[in-house]
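Participant: Position 40 of the sequence shown, counted from 1, bears residue number 40 in the working numbering, the numbering being contiguous throughout.
To be clear, the hints were calculated from the coordinates, so they are not data collected in a lab. Everything numeric in this text was worked out from a predicted model, so none of it was measured. Just to be clear, a hint being listed does not mean it is correct.
Unchecked claim - Pair ranges (Cβ atoms, derived):
#: 1; residue 1: Arg585; residue 2: Pro284; range: 37 to 43 Å
#: 2; residue 1: Ser676; residue 2: Val222; range: 56 to 62 Å
#: 3; residue 1: Leu762; residue 2: Gly640; range: 51 to 57 Å
#: 4; residue 1: Glu315; residue 2: Ala720; range: 32 to 38 Å
#: 5; residue 1: Arg36; residue 2: Glu315; range: 44 to 50 Å
#: 6; residue 1: Gly188; residue 2: Ser670; range: 41 to 47 Å
#: 7; residue 1: Phe395; residue 2: Asp122; range: 53 to 59 Å
#: 8; residue 1: Asp313; residue 2: Arg585; range: 27 to 33 Å
#: 9; residue 1: Ser676; residue 2: Glu452; range: 56 to 62 Å
#: 10; residue 1: Ser164; residue 2: Gly575; range: 48 to 54 Å
#: 11; residue 1: Asp630; residue 2: Pro284; range: 41 to 47 Å
#: 12; residue 1: Val592; residue 2: Asp319; range: 35 to 41 Å
#: 13; residue 1: Gly333; residue 2: Glu290; range: 38 to 44 Å
Stated by the list, open to error - Computed cross-link-like contacts, DMTMM-like style, restricted to lysine to aspartate or glutamate with a CA-CA straight-line distance of at most 25 Å:
#: 14; residue 1: Lys539; residue 2: Asp504
#: 15; residue 1: Lys695; residue 2: Asp662
#: 16; residue 1: Lys695; residue 2: Glu641
#: 17; residue 1: Lys539; residue 2: Asp398
#: 18; residue 1: Lys539; residue 2: Asp166
#: 19; residue 1: Lys539; residue 2: Asp160
#: 20; residue 1: Lys539; residue 2: Glu429
#: 21; residue 1: Lys695; residue 2: Asp583
#: 22; residue 1: Lys539; residue 2: Glu566
#: 23; residue 1: Lys695; residue 2: Asp630
#: 24; residue 1: Lys539; residue 2: Asp523
#: 25; residue 1: Lys539; residue 2: Glu457
#: 26; residue 1: Lys539; residue 2: Glu396
#: 27; residue 1: Lys695; residue 2: Glu614
#: 28; residue 1: Lys539; residue 2: Asp40
#: 29; residue 1: Lys695; residue 2: Asp596
#: 30; residue 1: Lys539; residue 2: Glu520
#: 31; residue 1: Lys539; residue 2: Asp470
#: 32; residue 1: Lys539; residue 2: Glu287
#: 33; residue 1: Lys695; residue 2: Glu722
#: 34; residue 1: Lys539; residue 2: Asp512
#: 35; residue 1: Lys695; residue 2: Glu711
#: 36; residue 1: Lys695; residue 2: Asp659
#: 37; residue 1: Lys695; residue 2: Asp728
#: 38; residue 1: Lys539; residue 2: Glu499
#: 39; residue 1: Lys695; residue 2: Asp594
#: 40; residue 1: Lys539; residue 2: Glu458
Note that the Cβ used here is the ideal one computed from N, Cα and C, for glycine as well.
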Amino acid sequence: MVMAMTTALLPIPAAHSPALADPEDDGSVEPLVVERITPDAVREDSTLRIAGEVTNTTADSVRDVTVRVRYSRHPFTNRDELDEFASGDGWQPNAPGPDEEVASALPPEASEEYSLSIPVEDLDLSSYGVYPLVVEAVDGDGGVIGSQYTFLPYTGSGGDDVPSVDIAWVWPLMDRPQRADDDTFLSGELHESVRAEGRLGRLLSSGAQVPLDFAAGEEDLVELLGLGEEPEEPPSEEDEATAEETADSVPSEEAAEDGGEGDEEDPGAEGDGGGEDPGAEEEPRPERTEGVPVTWAVDPGTLDDIHRMAAEDHEVLEDLLAVPAEADPVRHGAGPDEAAQVWLREARAVLARDTVVASPYAGADLGALMRNDMGDDAAASLRIGQEAVLRALSFEADGAFAMPPGGLMDDSVYELYAAQGATRFLLGEGAMPPASWMSTTPTAQAPLAAPEEEPVEEPFALVADSGLTDVLSMPSWEPGESALALQRFAAETAMIAGENAGGDRVVVASPDPGWDPSPEFADGVLAASDGLPWLSPEKLDEIEPADADEREDTRRNLDYPDSASEDELSPTYMGLVEDVNNDVRLFNSVLVDDVDPFRPALLRLESVYWREEEALAGATRSLVLDSVQDRMGDVRVIPGEPVTLASQTGTTGVLVANDLEDQAVIVRLSVFSENSERLSIGSYTDFFEIDPGAKTTVYVPLSARVNGRTELTVSLHNSAGEPISTQDTVIPVNATGLGTQALLISGIGLLILVAALAPRALRKWARKQASRSDSEAAGAAEAGGPDGAATGTAADPAAPGDTGGGSGDPAGSVPPGAVATPGETGASGETGETGASASSTGPGEDTEATGAGSPEAGEDAQERDKDGSGK
1 MVMAMTTALL PIPAAHSPAL ADPEDDGSVE PLVVERITPD AVREDSTLRI AGEVTNTTAD
61 SVRDVTVRVR YSRHPFTNRD ELDEFASGDG WQPNAPGPDE EVASALPPEA SEEYSLSIPV
121 EDLDLSSYGV YPLVVEAVDG DGGVIGSQYT FLPYTGSGGD DVPSVDIAWV WPLMDRPQRA
181 DDDTFLSGEL HESVRAEGRL GRLLSSGAQV PLDFAAGEED LVELLGLGEE PEEPPSEEDE
241 ATAEETADSV PSEEAAEDGG EGDEEDPGAE GDGGGEDPGA EEEPRPERTE GVPVTWAVDP
301 GTLDDIHRMA AEDHEVLEDL LAVPAEADPV RHGAGPDEAA QVWLREARAV LARDTVVASP
361 YAGADLGALM RNDMGDDAAA SLRIGQEAVL RALSFEADGA FAMPPGGLMD DSVYELYAAQ
421 GATRFLLGEG AMPPASWMST TPTAQAPLAA PEEEPVEEPF ALVADSGLTD VLSMPSWEPG
481 ESALALQRFA AETAMIAGEN AGGDRVVVAS PDPGWDPSPE FADGVLAASD GLPWLSPEKL
541 DEIEPADADE REDTRRNLDY PDSASEDELS PTYMGLVEDV NNDVRLFNSV LVDDVDPFRP
601 ALLRLESVYW REEEALAGAT RSLVLDSVQD RMGDVRVIPG EPVTLASQTG TTGVLVANDL
661 EDQAVIVRLS VFSENSERLS IGSYTDFFEI DPGAKTTVYV PLSARVNGRT ELTVSLHNSA
721 GEPISTQDTV IPVNATGLGT QALLISGIGL LILVAALAPR ALRKWARKQA SRSDSEAAGA
781 AEAGGPDGAA TGTAADPAAP GDTGGGSGDP AGSVPPGAVA TPGETGASGE TGETGASASS
841 TGPGEDTEAT GAGSPEAGED AQERDKDGSG K
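Let the sequences and hints guide you as you build the complete structure.
Facilitator: Written out as structure tokens, the structure reads:
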């Protein structure tokens, strides 16, 4: 139906802030509070009741305080008028409603309750629609103390002629990224959020619409949830087909034999001998049996944060942004969080009954990634997102649904999702706004152009209603705010239902990802969805594309506004993230297994949440970079003591450690000499694998050519030759072996020379002694008498050496009259001995020894012996 334009409205000044504006956090008290308006939608036979409280917020006493109602007998004609009226700037109603005197005198800061009621038939409302309603408090002079603007939905007689619209809920369980690296939480915010009274705890409870038990109980939650264990992957279609073929190939007789002849019948077996069919389909998840169906919109990054918090020890940072840039943040250790374990337990049971759709991991900014040639990261955000949902909930999100961040996507993001098999796209009105000629709200379904690859099903969009998103974002925590927000929700949906749009329509209610409603408001909107006569709850996954004749030209084609591009993470920021990504790639290159442990942390850095959090984004990026470099530093060369070479060659051991607790690595060792001319390096094992937490020693052969100090530079590389450490290890080598060898050779030569010259020196000394004795004897003979007679004492023929053969003087070697017997002269014998020594002498040696031992001297002595005369 088309509603008539309201004419009986008079402009009066507004005395309150707009209903959709966030309240100012200045500690002020609203002078007039509307706590209850019942019923949400009035019929002709209803009684309208309004209750609340009025407070004197002035410094003086207020007299004759009265609360009254003003309304209009004419409904709004379109949804835009709701906003205008709520702002207080539009036309104002002037029809008087009920009033009540609250107090004759109201002192400062004093409060009084009020309660107004009136039969709806007395309001004389014209027809189905939404009517403006103002509740205000005035003093005795008619001055307005405070006022509240709200709405009165009216269904008339309440018959079958009440229009209706289907409503499908997208219920968010999302939060901003809470971690830097996997084990470091940026704050304790998430720890509080998963408790029963926390934001995620309240959203889970309200969306479940059944009582939840947030007590831990006696069960072992770690074992119950399988924390720390990877969930089993669901069987692929190929696996199922193989299992079916295997089962079909087993004859029934064999199956009977396997079951055991004569055994009691297995109550779980049916006809085929019993036993579980390995190819059987998984048990279907239970379906919701009560309450309004909701589709849970989860951020896999948030679920992953909760799962890590529940499963393992972790660190929590304190006041990250308050820490100076060069200082380390304060860290607190925390064990597995029991509240997170309980939340996961309840979430698994609740979400299994409804459809679950997932955003990219951590709300990755897909548009910015695709625009900055980081498409691999964009694809990883979808793949890792599914893995995180499976890990946390033990089942996967519905892959047919795509939920781009902010409800916006360009063609590149569309193609990315389509390649992953998505056919239903949850978008905001900014992506597909109503056609310019539309004066009513179009249905949520909108066609999408087929992607390049032919999809299995026709793709279409489900566009969330922006007006409802704004209404759901209204403040609801302060006194009276929830009642006013519920009235606005009822009015907004009643206006949609009352539009003369023709055909069946669906409206999608999708709050913002950070939605934080009061429990009263969250519970109230779901109850209203089932209780308001113009709303019919619908399951999102059962909505089919609209018929061609009903959807034609109601919405514009898929659009990515310029403002959306401007809001994306900047190329400068993405470049900084890419720098971290380069370090991550280098770290991954040494891991034996095909793993990418820092990919979730990088995706958290690429989140849309950082668009408005530049300082926190920078601090988080630094934390991730430090963590990557620390992990890289766990693969290292352990410095050793300086090496001393005591010979020309030697071997030194280089100790390499892998301090990573969960990853084996394969690295290449590089050892370089500072001066290869002085110190060269032989062949060694340069490419090897190290187990987690293990060490290995590589033996490197060395060869020194020159004494002195040389340095070895030791570094680790990946298989491509890229260095994986920022600082090389230096090993000093001191070569001393060459000097010792020279001293040894010189010492041996000296010993040989001493051995050769010692006999000659002894003989020379003996000859000198003999010569001295002969001289003394001759002197004594000359002194014996003047006649010169020689006595027998002059020469003792038996005394050796009395001959002069060793003197080197053959003419006077034998005294006159002496008999030289063979052997008495030392010529022959000494000649041979002396000749041997002489053969070892060289030029410049003792000439006396050479003359005494000459062959000519020996021959002369023999001739003297023959004739007996010596002449």
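Participant: Now, for every hint given, state plainly whether the structure supports it.
Facilitator: Right, here's what the structure says about each hint:
Judged by the Cβ atoms, the range 37 to 43 Å given for arginine 585 and proline 284 holds: they are separated by roughly 42 Å. Checked against the given bound of 56 to 62 Å, the beta carbons of serine 676 and valine 222, roughly 58 Å apart, stay inside it. Distance hint check for leucine 762 and glycine 640: the Cβ-Cβ separation is about 56 Å, which falls inside the suggested range of 51 to 57 Å. Separated by about 33 Å at the C-beta atoms, glutamate 315 and alanine 720 satisfy the suggested range of 32 to 38 Å.
Restraint check, arginine 36 to glutamate 315: a C-beta distance of roughly 47 Å satisfies the suggested window 44 to 50 Å. Range check, glycine 188 to serine 670: Cβ separation about 45 Å, and the 41 to 47 Å hint holds. A beta carbon spacing of about 55 Å between phenylalanine 395 and aspartate 122 agrees with the range 53 to 59 Å that was offered as a hint. Distance hint check for aspartate 313 and arginine 585: the Cβ-Cβ separation is about 28 Å, which falls inside the suggested range of 27 to 33 Å.
For serine 676 and glutamate 452, the Cβ-Cβ distance of about 58 Å falls inside the hinted range of 56 to 62 Å, so the restraint holds. Taking 48 to 54 Å as the suggested C-beta distance range, the pair serine 164 and glycine 575 conforms, at roughly 52 Å. Checked against the given bound of 41 to 47 Å, the beta carbons of aspartate 630 and proline 284, roughly 46 Å apart, stay inside it. A hinted range of 35 to 41 Å for the beta carbons of valine 592 and aspartate 319 is consistent with their spacing of about 39 Å.
Hint check: glycine 333 to glutamate 290, Cβ distance near 43 Å, so the stated range 38 to 44 Å holds. Between lysine 539 and aspartate 504 the alpha-carbon distance is near 15 Å, which keeps this suggested pair within the 25 Å criterion. Only pairs whose Cα atoms come within 25 Å are accepted, and lysine 695 paired with aspartate 662 is accepted, the gap being roughly 14 Å. A C-alpha spacing of about 17 Å is found between lysine 695 and glutamate 641, which places the hinted pair at or below 25 Å, so the restraint holds.
The straight-line distance between the Cα atoms of lysine 539 and aspartate 398 is roughly 13 Å, inside the 25 Å bound, and the hint therefore holds. For the given pair, lysine 539 sits about 9 Å from aspartate 166 by alpha-carbon distance, which is consistent with the 25 Å threshold. Taking the CA atoms of lysine 539 and aspartate 160, the gap is near 23 Å; set against the 25 Å cutoff, the hint holds. For the hint linking lysine 539 to glutamate 429, the alpha-carbon distance of about 20 Å falls within 25 Å, and the restraint holds.
Proposed proximity of lysine 695 and aspartate 583 is supported: the alpha carbons are some 23 Å apart, at most 25 Å. Under the criterion of a C-alpha separation no larger than 25 Å, the hint pairing lysine 539 with glutamate 566 is inconsistent with the structure, at around 35 Å. Annotation: proposed proximity of lysine 695 to aspartate 630 holds, straight-line Cα distance about 18 Å (limit 25 Å). Restraint check for lysine 539 and aspartate 523: satisfied, since their Cα atoms lie roughly 18 Å apart, inside the 25 Å limit.
Restraint check: the Cα-Cα separation between lysine 539 and glutamate 457 comes to about 19 Å, which is no more than 25 Å; the hinted pair holds. Annotation: proposed proximity of lysine 539 to glutamate 396 holds, straight-line Cα distance about 18 Å (limit 25 Å). For the hint pairing lysine 695 with glutamate 614, the CA-to-CA distance comes to about 42 Å; that exceeds 25 Å, so the pair is violated. Restraint check: the Cα-Cα separation between lysine 539 and aspartate 40 comes to about 24 Å, which is no more than 25 Å; the hinted pair holds.
Taking the CA atoms of lysine 695 and aspartate 596, the gap is near 23 Å; set against the 25 Å cutoff, the hint holds. Pair hint lysine 539 plus glutamate 520 holds up; C-alpha atoms about 23 Å apart against a cutoff of 25 Å. For the suggested pair lysine 539 and aspartate 470, the alpha carbons sit about 22 Å apart, so the restraint of at most 25 Å is met. Distance hint between lysine 539 and glutamate 287 is fulfilled; the C-alpha atoms sit about 11 Å from each other, no more than 25 Å.
Distance restraint check for lysine 695 and glutamate 722: the Cα-Cα separation of roughly 21 Å lies within the 25 Å cut-off, and the hinted pair is therefore satisfied. Distance hint between lysine 539 and aspartate 512 is fulfilled; the C-alpha atoms sit about 19 Å from each other, no more than 25 Å. Simply put, lysine 695 and glutamate 711 have alpha-carbon atoms about 23 Å apart, close enough for the 25 Å limit, and the pair holds. For the proposed pair lysine 695 and aspartate 659, the alpha carbon gap of about 8 Å is at most 25 Å, so the pair holds.
Simply put, lysine 695 and aspartate 728 have alpha-carbon atoms about 18 Å apart, close enough for the 25 Å limit, and the pair holds. With a C-alpha separation of about 23 Å, the suggested pair lysine 539 and glutamate 499 falls inside the 25 Å cut-off, and the hint holds. The straight-line distance between the Cα atoms of lysine 695 and aspartate 594 is roughly 22 Å, inside the 25 Å bound, and the hint therefore holds. A threshold of 25 Å between alpha carbons decides the hint, and for lysine 539 with glutamate 458 the separation of about 19 Å falls inside it, so the pair holds.
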